[in-house]
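> In case you want the letters, here they are:
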Amino acid sequence: MSGRTKTEKVRAKSSNNDGKSIISVCLGTGGIAAGGDKVFAVFEREIKKKKLDAAIGKRVCKTAKTGCRGLCAKDVLVDISIPETKTQTYERVTVDMVPQIVEDHLINSKPVEKWLAKHDYHNFHAHQERLVLGNCGVINPEEIDEYLIKGGYKALEKTLAGMSPQDVIAEISKSGLRGRGGGGFETGWKWESCAKFDDDEKYVVCNGDEGDPGAFMDRSIMEGDPHALLEGMVIGGYAIGATSGYIYVRAEYPLAIERLHIAIKQAKEKRYLGKNILGSKYNLDIIIKEGAGAFVCGESTALQFSIEGKRGMPRTRPPQSVEAGLWNKPTCLNNVETFANVPIIINRGAAWFSRIGTEKSKGTKIFALTGNVKNTGLIEVPMGITVRKIVFDIGGGIPKKKKFKAVQIGGPSGGCLPEAYLDSPIDFESLKEAGAMMGSGSLVVVDETTCMVDMARFFLEFCTSESCGKCPPCRVGTFLMLDILNRITQGEGKEEDIDVLEEMSEEVRVMSLCGLGQSAPNPVKSTLRYFRDEYLTHIRDKECPTSSCVALHKYTVDPGKCTKCTLCIRNCPVDAISGSREEVAFIDKEKCIECNLCYDKCNFMAIK
Amino acid sequence: MGKKKKQAVKEETLDLSKAEEILDKYEGIDGCLIPVLQQIQNAYGYLQEPIVNIVSERLNISASEIIGVATFYAQFHLKPRGKHIIKVCCGTACHVKNSKNLSARIEKRFKIKKDETTEDKMFTFEEVPCVGACGIAPVVVFDKDVHGTLSPDKLDGVLDGYTK
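Chains as they are written, first to last, in my numbering: chain A, 55 to 662; chain B, 265 to 428.
One or more hints might be untrue.
Said to hold, decoys possible - Derived BS3-like pairs (lysine-lysine); straight-line CA-CA distance at most 25 Å:
#1 A/212 <-> A/324
#2 A/655 <-> B/418
#3 B/372 <-> A/645
#4 B/372 <-> A/643
#5 B/364 <-> A/428
#6 A/364 <-> B/343
#7 A/662 <-> B/364
#8 B/418 <-> A/428
#9 B/351 <-> A/608
#10 A/443 <-> A/428
#11 A/579 <-> A/618
#12 B/428 <-> A/454
#13 B/289 <-> A/322
#14 B/364 <-> A/655
#15 B/289 <-> A/329
#16 A/63 <-> A/322
#17 A/74 <-> A/92
#18 B/418 <-> B/408
#19 B/282 <-> A/92
#20 B/418 <-> A/454
#21 A/92 <-> B/343
#22 A/60 <-> A/329
#23 B/282 <-> A/364
Unchecked claim - Covered stretches of chain A, as calculated for chain B (at least 3 residues, CB under 8 Å):
#24 85–93
#25 264–270
#26 425–435
#27 498–506
What the hints contain is simulated information worked out from the structure, not anything from laboratory work.
We put the beta carbon where it would ideally sit given N, CA and C, even for glycine.
Here chain B stands alone, though its shape is the one from the complex (with noise of 0.2 Å):
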């Protein structure tokens, strides 16, 4: 009972309407479930599950298909992330110009590994296939900005800009 009253009191705090909205503009559209799910990632930071079900109740799809289309792409995210996304490009052009070493230099800053969080909440750090910047590889992704020619000392610094 008590997990049950829990997990009420936690929908309550979730502001719903955000979703309500979505589905409503989607409402009739086949094939609607992954913009549907991208726009809700936006609204929400991840994928959470009061959501799913509401989702699921709407678009008349399982649960569980939902979550099979969810971990299914890399875009989802069924946990919360951090306020900023680092992105370490691992492209071939990337890769070729060594950006291992960007990554290794993110893992001594921030003291996470690939797919983890700070502490602080404050910064998630992937490595992300192919981004399309091949020209001015290697290229790490802060949040939107996209910075290019990187060496890990020139990394610091774009990472200073953006913490101090």
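Pulled out of the complex, with its shape left as it was, chain A reads as follows (with noise of 0.2 Å):
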């Protein structure tokens, strides 16, 4: 039987399992790390227990894998299809609770209501469009077949049939695609600028580095639906006549490399990858690289030196990575992100795409929406969308009764967006604007109880210990800035702080030799921008707003603020604090051993 007469008999398979109950665990990260695969073999255990795998009535059960299905905070999520029924999907699964569901639900299809996933799980999906990540958390990531059976590696089908690699690049050009990894370049003309490169050796390199704190998009892509990644740099590497490919994941991604490594296997056994592609005259194999260990390996000339075997140091610009990147080849670097939306844009067409987000931002874009907000995990909406939206509809708003104060979006390159901002679409250039950046994802909620200046000096901090050290504006820029920053929350800023700061970030950014210290300032221009408040009241007062800055506590409760709620005198290990439900809490210094106990259960940043 040819290849292709088996891969249509696999995509003919019915869209309910053949008629069997599919019980589906969140494998990611996330639910392996609640537990998920105890889960697992505890489902697998009991339908052997009870014969399951054997048929009742014509029902067969079987256990699946998945990949993340967004909700990390309802982890471990499970979701039981029985055909003809409805899909339930069961949130915080232990152990424990597994005979019953087996029993209850897949026995005597009675689900058991009260561990079904509450409406906070529903809200979640309702508000997205879940397009790039449409199979993640639904089919098994380590199977082919599952990908081709929802229509995995049509588009690259219909590519090698009756595209040439204009025709791609057109069509990619004409969906407005821009680059998901942070830079916002157009996707079109980026893979046009390589393709007009001649030379007898091109490289096609996906950027799954994913370095940004804050972010696990890729690797939810990577773990949860490697081929359409793979589809997508194949189509890509078609576009513009690479010879071999590479995806560099950073070496903190362990589940992704093994899964990547499966899917690169089994899509060369089917001619997706290798010789003669579908049987046409194209050959690509895509390698993996794994990282060692350095956020500026996420800068694509450092990514292509790491590649190279070399320290990641990126390097001026011209000659641009399209004409002379890797080995001094032409090389064409995209996101994990940018490439998993190739195939969606073939199969459903440029049109269709574009009407998706705003004029100059089409498209979804995945977030990792975390921090202080109820319902953290992965989202993927239409580019356009609110911040208020995903804060409160999706992300279920504040927990603890808790003020929002605002979002940093694009991690250390990025930005804050205050309350005021809350209404803002979430596109390219409305980001930019307010003074912050997509990047790669990374939504990170912070409420009133988060020092604004803290989370500058945290980024900073960050960046000075990432720089590779090349350039002077960047390895002792970030470090100066720091320090200014250390001293200010340390209670030792000066009036004239603030004007080196902003006098320094513009040196930084403008100096700087790559993007790494380009946008390192951009937290602090943020934070001074919107917080400049909280920036004086450490300098002048020598205080914290949210007693956060360890070095200012000092150790006294304000009685305006004191809810007489005793947690503090309760938990205090040497009994320093007075006071009753009737009377403030007061700190006797004399006892105090400065163990901060007091200021980590506060729930109302009562103590100064």
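Build the complex: two chains, separate frames, hints provided.
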């Protein structure tokens, strides 16, 4: 039987899984951390015990592992799909719950209501548009057949059967797809720029380094739907005339690396990779290169040096990588999410894709929604959605009745958006105007208990330690700025520090060699723009308004804020705090050992 | 003379066959230095001088360039570490959820500061940049196991599971 006929047979399999009941367990990194692999194992054991792998009527049950479902806050998430009934999702599943779920739901067709996913889960998904993440959490990422059943590799078939490389580039350009890694360059334009260079060796490279703190979009795609990435890369490789491909994955993602290896092997077996792909003249092999722990290797020239086995130190441009990149050959580098969008555009057409999003920011964007928000996890939304909708409708708002303060978008290269910007649309241009940036998609929500000066200091510390050291504006500039911020958070700030920070921010931005240094001052600039008063309180009053900066702790209770909850009194290890439900707390400084436990326990920032 | 003899003895007791095997596998492959060093570190626990010298000879790359690469990347270690590595994630989401309290608890429990190893060589404590599990912040990684939504007390519970 020919390979293509076999594929058609696989795709023709009924979408309700051949009449089988399927128990899908989230086994992304988050799911496994919550005990997903143990839950999976207990389901398998119970099914064997109850002989459910033999038919019940005509029903056979099997377990399936899936990638990230998205709502990490409710892991372990389990879907039970019984043919001709509605798929039910269970949240926070533990191993003790499994026997009852099997007994009641699978055998007696009565879902266990109290354990089903609540409205938070449904709200979380209701406002999303999961295109790129469509297969994540649904298919087993280690089975290529499941990708095929969902229409996988149809885009590649269409491309090689009847499109020239120029046709592909035209379609991607028409779609308006922009890079999802942070740069936001038009993908079609980048591919066009690389395609025009002729060479015996050309490279298509995927940036899976995802070093931005707070970002795990690419990890989820690589773990949950690796074939989408491969398919996008082969189409991209074909468009630019690549002779080899590389996926650079950071070392901290062992599960992604494992699943990509499996996917590459399976894709090769079915001729979606390797020599004469799908019987065409196009050949492409993809090799995985592991990073070794350097944030700067997310920068495209540094990444290429790292693949070559060198220190990942960025270089000046020109020449651009599209002309002379990896081993001095034309190289086209794109982000994981960018490649994963490609099959969708080829399948459904550029015109359809460009109807989603805004005028200059087309399509959807995946965000990692984390921090002080109820529903932490991975979301995919159309460009142009407001911050408010993400934080409050999808995210469920701020937990513990705290007030929203800001959202940090774009990680250490980005900036914060305060309450006044809650109704801003999220797209490339609007974010830039507001002093933030799209970045790779990390979206960290902070509440009233977060010190914004400390946030700026935190990001700068990160950039300083990750700086490659090549150019003084970054190596020395970020270090000096960090020194100022350290002094400010330790009560040694001076009046002129703010002016110096602003001046240095501009200098470091303009003079740094690469994106790391150029964007390192962004969190400082943005917090100075929106939270200048916090800086002034630190400098003039030697006080931290959120009581976060330990060096500024005065171990004094603010009677105006104390609610007499007695939490600090009950937890003090040396009984240094007096007070009661009728009397505000008071700290005896003679007894106090400055362990800071009272600060951690107080929910009202009442201790200064 | 004594020092050279000591070094020679050290090399004799070091099993170089693992390194040779790894180098055989990557013979002739461009840009293989980092994967070679990664596999060598997996096999030997850290990058030690005699092994670096063998890599240098086989790959025809100067030892100083190899050390330059090894010291650039956080993954490589030139000193032995503990049997178990405890990593506290210091990414943004974890930071905002008080990962510093988790570090403080580890310092208190094992009496070591970050990048230090316990005297019995069982545990090394590291603070690492974002591991990408932000949905379940704050996160601690014990060897290859990822543990999320931790508080200092929950962390103690997790560590008890490994130390008992």
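> Please go over all the hints and tell whether each is borne out by the structure.
Here is what the structure says about each hint:
no. : hint            : result
1   : A/212 <-> A/324 : holds (16 Å)
2   : A/655 <-> B/418 : holds (16 Å)
3   : B/372 <-> A/645 : holds (21 Å)
4   : B/372 <-> A/643 : holds (23 Å)
5   : B/364 <-> A/428 : holds (21 Å)
6   : A/364 <-> B/343 : holds (21 Å)
7   : A/662 <-> B/364 : holds (19 Å)
8   : B/418 <-> A/428 : holds (20 Å)
9   : B/351 <-> A/608 : violated (32 Å)
10  : A/443 <-> A/428 : holds (13 Å)
11  : A/579 <-> A/618 : violated (38 Å)
12  : B/428 <-> A/454 : violated (35 Å)
13  : B/289 <-> A/322 : holds (21 Å)
14  : B/364 <-> A/655 : holds (15 Å)
15  : B/289 <-> A/329 : holds (23 Å)
16  : A/63 <-> A/322  : holds (19 Å)
17  : A/74 <-> A/92   : holds (22 Å)
18  : B/418 <-> B/408 : holds (18 Å)
19  : B/282 <-> A/92  : violated (34 Å)
20  : B/418 <-> A/454 : holds (20 Å)
21  : A/92 <-> B/343  : violated (35 Å)
22  : A/60 <-> A/329  : holds (19 Å)
23  : B/282 <-> A/364 : holds (23 Å)
24  : 85–93           : holds (count 3)
25  : 264–270         : holds (count 7)
26  : 425–435         : holds (count 5)
27  : 498–506         : holds (count 3)
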